[in-house]
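Novice: For reference, each letter of the sequence shown is one residue, going 177 to 270 in the numbering used here.
Don't read these hints as lab results, they were simulated from the structure.
Model, not experiment: these values are computed from the prediction.
Possibly wrong hints are sitting among the right ones.
To be verified - Computed list of lysine to aspartate or glutamate pairs in EDC-like fashion (alpha-carbon distance at most 20 angstroms, straight line):
#, residue 1, residue 2
1, K242, E189
2, K252, E189
3, K242, E260
As the list claims (entries may be wrong) - Beta-carbon label-pair distances, calculated as ranges:
#, residue 1, residue 2, range
4, R182, V258, 22 to 32 angstroms
5, E228, H261, 36 to 46 angstroms
6, P229, R191, 31 to 41 angstroms
7, E179, G227, 47 to 57 angstroms
8, R182, R204, 44 to 54 angstroms
Ideal Cβ positions, reconstructed from N, Cα and C, are used throughout, including at glycine.
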Amino acid sequence: MNELARLVVTQPEARFQLMDVELVPGLRDQAPMAASVASRWADTPHEVVQGEPPSALGRLARIRFKVWIELPRGAKPAGALVAEHFSCDAKPTR
177 MNELARLVVT
187 QPEARFQLMD
197 VELVPGLRDQ
207 APMAASVASR
217 WADTPHEVVQ
227 GEPPSALGRL
237 ARIRFKVWIE
247 LPRGAKPAGA
257 LVAEHFSCDA
267 KPTR
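Could you build all of it, start to finish, from the sequences and the hints given here?
Specialist: Laid out in structure tokens, this is it:
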């Protein structure tokens with residue numbers, strides 16, 4: 177448990193934000209997921225695509241999102257990732 181606690185507090189923090197979602201409705205009973213989707217439906221930008229060929233469960237046609245990951249000082253992003261540096265008013269505590 178001590179090792180697990182140490183690993184948890186040393187991991188970078190992240191934030192995920194949905195920008196836009198394009199959904200194609202399904203035909204089958206989707207009750208198990210309906211409550212989960214409905215709980216965020218009003219505050220998630222989305223478009224329901226009409227005129228697509230039907231499927232049992234529907235499909236996610238397109239999704240746009242942003243992810244912010246707090247990297248340790250000196251870390252370099254790999255590949256096409258871009259690091260955005262900004263100052264923070266918070267002071268570290270010890």
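Novice: It remains to establish, for every hint, whether it holds in the given structure.
Specialist: Hints, one by one, checked against the model:
About 14 angstroms separates the Cα atoms of K242 and E189, which keeps this hinted pair within 20 angstroms; it holds. Proximity of K252 to E189 is assessed by CA-CA distance (about 16 angstroms); at most 20 angstroms being required, the pair is judged to hold. Using a Cα cut-off of 20 angstroms, the hinted pair K242 and E260 holds, with the two alpha carbons roughly 13 angstroms apart. One distance hint, 22 to 32 angstroms for the beta-carbon pair R182 and V258, holds here, with the actual separation near 30 angstroms.
For the hinted restraint 36 to 46 angstroms between E228 and H261, the CB-CB distance of approximately 42 angstroms keeps it satisfied. The hint said 31 to 41 angstroms for the Cβ distance between P229 and R191, and at roughly 36 angstroms that hint holds. Taken as a hint, the range 47 to 57 angstroms holds for the pair E179 and G227, whose Cβ atoms sit roughly 54 angstroms apart. Under the hint 44 to 54 angstroms, the C-beta atoms of R182 and R204, about 45 angstroms apart, fit the expected range.
When each numbered hint is compared with the structure, no violation occurs for any of them.
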